[in-house]
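S.K.: One letter stands for each residue in the lines below.
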Amino acid sequence: MIKTIGILIIAAIIVWIEVPPLLEKKYKKELLVFSILLAIGVGLSITLFGFERSIPNPFDLLTFIFKPLNDLISLLLT
Amino acid sequence: MMQDVKINSYQFLVLVILFTIGTSILTVPSALATDAKQDAWIATIIGTGIGLLVVWLFITIAQWFPNLTYVQVIEKLFGRWIGKAFSAFFVIISLLYASELLYYFGLFLNIHMMPNTPMVVLNILMAGIVVMGVRLGLETFARTAEILIVVFFVFFFILVVCISPEMKFENIQPVYEMGTKKIVQSSIFYVIVSSVDAIVLLMIFPSFVNKMKQGKKAFFIGNLIGGIVIIIITFLCVTVLGFEKTTGEIYPSYELTKKINIGNFIQRIEGLMASLWVITLFFKTTLYFYASVLGMAQILNLKDYRPLTLPLGMIAVVLSLVIYPNIIYQQHFDKTTGNSLTLSIGLFLPLLLIVVYAIRKRTKRNEIEIKE
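Going down the list, the sequences are from chains R and V.
Each residue of the first sequence is one higher than the last, beginning at 1 in my numbering.
Each residue of the second sequence is one higher than the last, beginning at 1 in my numbering.
Check the hints yourself; a few may be wrong.
[Unchecked claim] Cross-link-like lysine-lysine pairs, in silico, DSS-like; alpha carbons within 30 Å at most: (1) V:K76 / R:K29; (2) V:K181 / R:K67; (3) V:K6 / R:K25; (4) R:K28 / V:K181.
Calculated directly from the structure, the hints in this document are not laboratory data.
Please model the complete structure; the sequences and the hints are all you need to start from.
M.R.: In structure tokens, the structure reads:
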């Protein structure tokens, strides 16, 4: 619980640093991208630290996709 | 966008040197000694040679569009949507590599210096300064590199001088026992780590360096100097530790520094080695992170990349804890998928770019002829 609150405080500080200048300059697209990325970041951190669940590893997916190329390279190198 | 930022060719040279040395200084000796045994140092020499060829390929691409970054070049040549897909792949891989380097940093400090500190704290510390560097901009961290390169070479010189009495030339004999084929094969790994990875430097090379001609030279010379540093380190590892011990260690060059003993007075200066590594690793991570942040801003046509740094830093910290469940996974991954990933963004994609560029140039010329 305390970790979740900590993450939310960090997110609040990031919003506090970033958002006012963006609003001032009226950068709408930047604000949208920023919010999406921050939501992803907070979501991932809370799942990992707050709920202590594991997150699927992106490298497992990449290993699955690149398996043919891996086999080819290891064939060439041995 | 922030196109007015320019660095000079000396600063670029320094960045290339630090990037090339990067993680190689600690990990390459052990990876090479696994295959090439006592001839690992010959493999690094060949690897540096092949690496220069790869850099030449990057420079040819950089010359076509002197004002565009790599992401913009991809988008220009492949058209809007396919280009955006390829650049998105490039950006995601850069971000993953940035978090991979955060993991390396955390793991190294966790094993050797601060065993009781949780790894996430170390990763957050590193990510903090990386994000700070990227937010302050390319010029700032290029100037930081200019200062730290002096520190780096002073420490490196001290290290080499202090360890040289321990060299035993019996350790590299018989020279050239493994044969050309084996040596070239193992040098490929080194080429991938230090030269093919340099594709992210195309995010700053043509567009943010003020003089094209000196910049080209700086790219070559930087890669060469970085290569020489790695050659020296590998040579020292093999001659001092012997190839069996070099293979067995995760960080052989760190073990190397522990051996330093001059008159029972100067001992245990491995902190120097650690600081060398932290300097180079910081710049490698920063360049990767800069490439991913700037690339993402350019794909989405944003006016400023700075708002993306903090959230992406947060994501990178989380990824750095997730991507490698343990060190066995990491070593296996680095030998298989890591190589294919780097090759696909750093070698196959540029080759594809060259083919597409040639075709488009030819069709364009035909169009002009038809019009005339």
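S.K.: Would the hint linking V:K181 and R:K67 be met if the CA-CA limit is 30 Å?
M.R.: 25 Å, holds
S.K.: Given the hinted pair R:K28 and V:K181, is their Cα-Cα distance within 30 Å?
M.R.: The hint is violated at about 57 Å.
S.K.: Could you grab the alpha-carbon distance between V:K6 and R:K25 and see if it respects the 30 Å cut-off?
M.R.: The given pair, whose Cα atoms are some 24 Å apart, holds under the 30 Å limit.
S.K.: Within 30 Å, alpha carbon to alpha carbon, are V:K76 and R:K29?
M.R.: Status holds; Cα separation ~22 Å.
Of the numbered hints listed earlier, the single one contradicted by the structure is hint 4.
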